[in-house]
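Student: Taken in order, these protein sequences are the chains called A and B. According to the numbering used here, the first sequence is numbered sequentially starting from 1. According to the numbering used here, the second sequence is numbered sequentially starting from 1.
All clues stand as given, with none of them false.
Keeping only pairs whose Cα atoms sit at most 25 Å apart, straight-line, the calculated SDA-like set for lysine to any residue is:
hint, chain 1, residue 1, chain 2, residue 2
1, A, K263, A, D285
2, A, K52, B, R153
3, A, K87, B, G229
4, B, K204, A, I106
5, B, K203, A, R49
6, A, K87, B, D3
7, A, K137, A, V40
8, B, K225, A, S113
9, A, K87, B, V239
10, B, K163, B, N258
11, B, K125, A, I58
12, A, K86, B, K215
13, B, K200, A, A90
14, A, K263, A, F368
15, B, K125, A, L51
16, B, K148, A, C11
17, B, K225, A, M91
18, B, K204, A, L48
19, A, K80, B, K204
Covered stretches of chain A (in silico footprint by chain B; criterion: 3 or more residues with CB under 8 Å from a CB of chain B, positions within the stretch not fixed):
hint, stretch
20, 44-55
21, 84-92
22, 99-110
23, 128-137
Cβ pair distances, simulated, as ranges:
hint, chain 1, residue 1, chain 2, residue 2, range
24, A, L214, B, R6, 12 to 22 Å
25, A, K80, B, E220, 23 to 33 Å
26, A, R276, B, T12, 52 to 62 Å
27, B, G217, A, S10, 43 to 53 Å
28, A, T202, B, Q25, 23 to 33 Å
29, B, I140, A, R76, 24 to 34 Å
30, B, Q25, A, R179, 15 to 25 Å
31, A, N231, B, Q25, 36 to 46 Å
32, B, Q132, A, P3, 27 to 37 Å
33, B, Q25, A, L341, 36 to 46 Å
34, B, P274, A, D41, 47 to 57 Å
35, B, L133, A, S6, 19 to 29 Å
36, B, A131, A, P3, 17 to 27 Å
If you are wondering where the hints come from, they were derived from the structure by calculation, not from laboratory data. C-beta: ideal position from N, C-alpha, C; glycine also.
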Amino acid sequence: MIPESSLKFSCIQGVVIPRYLDARDYPWLRLLIDEYMRFVDAPKFELLRHLKSPLPFISPTGKRLLAMHILNGLFRAEAKSKIPPKKLRAMLFEAAAVSSEIRESIVSSTARSLALQDGELETLLFCDLPNEKRIKKPEIELNPSFVALYANSLLIQSFLARALSVTIQLEGNARIVVRQAKLRGLICELSKVPNQTYATLTISGPYVLFRRTLLYGRALGELLPQLAWCNRFRLKARCIIGERESLLEVSSGDPVFPAKTPKQFDSKVEEKFSKRFLKAAKGWDLIREPKAIESDDTLIFPDFLIRERSNPNNEWLLEIVGFWIPDYLRKKMVQLRKVKLQNFILCVDATLNCSDTEIPKDAHLVRFNKNIDPESIIKIIEQNSNNDSRKECSNVRN
Amino acid sequence: MGDGKRNIAPITVCTFESGYRYMSQIGNQFKLLVIDEVHHFGNGIRDEALEMSTCPFRLGLTATNVTKDTVQVKLRDTVGATIYELTVSELKGKYLSPFELFTIQVDLNLKERKNYDASIETFRKAYLPFAQLHPDSDWIDFIRYTQKNYEGRQAYSAWQNAKRIISFPQAKETTLASLLAQHRENKVLIFTPDTATAYKISKKHLVMPITSDIKRGEREEVLSKFRDGKLKTLVSCRVLNEGLDVPDAEVAVIVGGNHGEREHIQRIGRCLRPVLGKSAIVYELVVRDTMEVRHWKRRTQSLDTRVIAQI
Numbered sequence: 001m002i003p004e005s006s007l008k009f010s011c012i013q014g015v016v017i018p019r020y021l022d023a024r025d026y027p028w029l030r031l032l033i034d035e036y037m038r039f040v041d042a043p044k045f046e047l048l049r050h051l052k053s054p055l056p057f058i059s060p061t062g063k064r065l066l067a068m069h070i071l072n073g074l075f076r077a078e079a080k081s082k083i084p085p086k087k088l089r090a091m092l093f094e095a096a097a098v099s100s101e102i103r104e105s106i107v108s109s110t111a112r113s114l115a116l117q118d119g120e121l122e123t124l125l126f127c128d129l130p131n132e133k134r135i136k137k138p139e140i141e142l143n144p145s146f147v148a149l150y151a152n153s154l155l156i157q158s159f160l161a162r163a164l165s166v167t168i169q170l171e172g173n174a175r176i177v178v179r180q181a182k183l184r185g186l187i188c189e190l191s192k193v194p195n196q197t198y199a200t201l202t203i204s205g206p207y208v209l210f211r212r213t214l215l216y217g218r219a220l221g222e223l224l225p226q227l228a229w230c231n232r233f234r235l236k237a238r239c240i241i242g243e244r245e246s247l248l249e250v251s252s253g254d255p256v257f258p259a260k261t262p263k264q265f266d267s268k269v270e271e272k273f274s275k276r277f278l279k280a281a282k283g284w285d286l287i288r289e290p291k292a293i294e295s296d297d298t299l300i301f302p303d304f305l306i307r308e309r310s311n312p313n314n315e316w317l318l319e320i321v322g323f324w325i326p327d328y329l330r331k332k333m334v335q336l337r338k339v340k341l342q343n344f345i346l347c348v349d350a351t352l353n354c355s356d357t358e359i360p361k362d363a364h365l366v367r368f369n370k371n372i373d374p375e376s377i378i379k380i381i382e383q384n385s386n387n388d389s390r391k392e393c394s395n396v397r398n
Numbered sequence: 001m002g003d004g005k006r007n008i009a010p011i012t013v014c015t016f017e018s019g020y021r022y023m024s025q026i027g028n029q030f031k032l033l034v035i036d037e038v039h040h041f042g043n044g045i046r047d048e049a050l051e052m053s054t055c056p057f058r059l060g061l062t063a064t065n066v067t068k069d070t071v072q073v074k075l076r077d078t079v080g081a082t083i084y085e086l087t088v089s090e091l092k093g094k095y096l097s098p099f100e101l102f103t104i105q106v107d108l109n110l111k112e113r114k115n116y117d118a119s120i121e122t123f124r125k126a127y128l129p130f131a132q133l134h135p136d137s138d139w140i141d142f143i144r145y146t147q148k149n150y151e152g153r154q155a156y157s158a159w160q161n162a163k164r165i166i167s168f169p170q171a172k173e174t175t176l177a178s179l180l181a182q183h184r185e186n187k188v189l190i191f192t193p194d195t196a197t198a199y200k201i202s203k204k205h206l207v208m209p210i211t212s213d214i215k216r217g218e219r220e221e222v223l224s225k226f227r228d229g230k231l232k233t234l235v236s237c238r239v240l241n242e243g244l245d246v247p248d249a250e251v252a253v254i255v256g257g258n259h260g261e262r263e264h265i266q267r268i269g270r271c272l273r274p275v276l277g278k279s280a281i282v283y284e285l286v287v288r289d290t291m292e293v294r295h296w297k298r299r300t301q302s303l304d305t306r307v308i309a310q311i
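Full structure from sequences and hints, please.
Tutor: Below you can see the structure in the form of structure tokens.
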């Protein structure tokens, strides 16, 4: 996170407009990257000292500091030594403490005992210390647009670290964001507006806590890269900037650096089912992680939506259940019934039943062992769909 | 608690960092909070740890009490008012050994002087107009100002360069070499203004550095060897100032430092552990006609009134 004094933005009628790095900044960003590249293999302290002096190009201070923050993280430093430098130090300095010889002969005799050259010993002596480590070339090819995107994300995260509350409207892949919010221990609430396709995640910001903890702010900021993988999102955060409350708005299309590509499927079972279903039922679309369904105070995220291509109104939701007990399934069915959702298929792993009691009889239930048979899903859809779609489905299969 | 350990016991010893991190979870489990080196609080983010604790009884300990008003007010709120104080003279004899302080003034050579004067001139060109325009501003305001334009950054860079020149010029190097030769049989602590100088001295004189970069395990080994006499000299920037149990030393050489009175007292205190018949020696190296003279006067004046005058 960057300090408030380094946050660059303008404020219009209480709405914060971050000063993102854009294409105008690419020329000096290129030069800045080149300055870093010049110090590859040099000790880190030399780079740090160089960066404190005026650089040979003109650039906006706030944006440059932001970019340098990113580049400092990307240009990591490493130590290379066949003998641990700690051992070298111990041997050389202990020898010097007891010897009355001149410096050069102490260095020389210690180096010989370690099978090193004189100069080599002195080079390796502190090579493991953070500022003496050698700058390493980043593994990825750096270009100005990459650095700018990374820096812009950090800018948004730094605003979020000063938030009172954050509201995010999520559409598609929402489950990842919700899961990450929970994993990071954020104080959040998920809800859904009737007749809307998006779910709303409301998160308390660090500034409403007893103290404005940095850790919570950082955890909140870490959610941002996950949003990039949603089909659509809109984030609104009430932030305290300079003792004043301001509104920050970020939405799909804004410069957010995406997190690591999320796995397309949660499990092998899902992956195999997807492939086999698309092969078996060519007249149907299989959409992963569709809209969330609200039932009482719970939101259900089905794994798949099965939609008939010729009749888009014929939709079925499908959820694959891992470990289960009949009571869990019964509760799930109650929830579904409350929202009057009939077209819902539950697939349960026969080997992961954790209880002997009977499962609910009125559920559209498919038991599977290792793999889900697409035929059994199609059979349920056929039995319960109207005549037209049943006919269409048979055609597709034939 | 700290360094990966998270055991809670009726008496729990906790690092500042762990205290800051976990006080929200453990702050209601204790009745008495003892804060060693309490001068580190009252001025920053760590105060959150004290605010998150519900301990009704609190005791703060320090050898260098903070005099800044805002910090004192904050400490009074989070810990309590000062209830007991001892001066150095009261500690002398029983708890501290006597010492002699020698200030050695040295000169820059011609090349260093030319560089230093040019750097200071560049700095003044930016600083003087700023100080006239903003008479109530402080050093931090000036640093912020320097980051906003090219000339400012140039001035700041010149300031840094001037500091680098006086941190360890040739004359200090020669003086230090002769002092180390003179006290070859004594345990010596060398204090530098920055870590770069500490490494420079370490390489030049083959003495072990103790800096924040050296990991804890190695530091402990080094201090143990210093205690046993396997190592005779250590060089450090700020790490030895406080927080470590430094074995007894007989000689301290202060090559430079500009962190004021508190740092100075802490450094000198490192060789004042009382041993029968011992008299410690402290050398200060100061470069004539440079900003270092001002730093030296400031810290020595305070030492005069607080330590030497009473001894």
